[in-house]
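Novice: Converting from the sequence shown to this note's numbering requires adding 12 to each position, the first position being numbered 1.
Be careful, since some hints might not be right.
[Stated by the list, open to error] Pairwise CB distance ranges (calculated):
#1 Leu-53 / Glu-73: 38 to 48 angstroms
#2 Glu-73 / Val-32: 15 to 25 angstroms
#3 Val-66 / Leu-25: 26 to 36 angstroms
#4 Leu-75 / Asn-29: 14 to 24 angstroms
No lab work stands behind these hints: they were computed from the structure. Since this is a predicted model, take the numbers as computed values, not measurements. Each residue gets a CB set at the ideal place from its N, CA and C atoms; glycine is no exception.
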Amino acid sequence: MQVVAFLSSVLLLNQLNQVVVIATSINTCDYVYDLAAAGALPNQRAESLLQKLVEFVVKDEQLGKEDSVDGIGSSLLS
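Kindly generate the complete structure, drawing on both the sequences and the hints.
Specialist: Pasting the structure below:
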């Protein structure tokens with residue numbers, strides 16, 4: 013699983029910008045965090061992000077077991 017953050021210091025200056033976190037793996041990809049949908053308190057945001065990451069990992073493991081094949085799987089990077 014990979015979580016990559018792309019941030020621009022110029023874009024961070026505008027408070028109207030929204031932040032999303034997208035997790036990717038060989039089996040799936042999904043939004044794991046959306047600032048617009050998160051709670052107002054920082055603790056709620058962190059808990060929401062961690063919960064979504066756990067759900068993503070579980071989903072990815074299930075998909076990996078269902079689609080398991082011998083050899084190395086392909087990805088968008090290959």
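Novice: Against each hint, give a clear statement of whether it holds in the structure.
Specialist: Tested hints:
At roughly 30 angstroms, the beta-carbon separation of Leu-53 and Glu-73 lies outside the given 38 to 48 angstroms, and the hint is violated. In this structure the hint that Glu-73 and Val-32 lie 15 to 25 angstroms apart at CB holds, the actual value being about 23 angstroms. At roughly 32 angstroms, the beta-carbon separation of Val-66 and Leu-25 lies within the given 26 to 36 angstroms, and the hint holds. For Leu-75 and Asn-29, the hinted distance range of 14 to 24 angstroms is not satisfied, since their beta carbons lie about 32 angstroms from each other.
The structure does not agree with the numbered hints 1, 4 stated previously, though it agrees with the rest.
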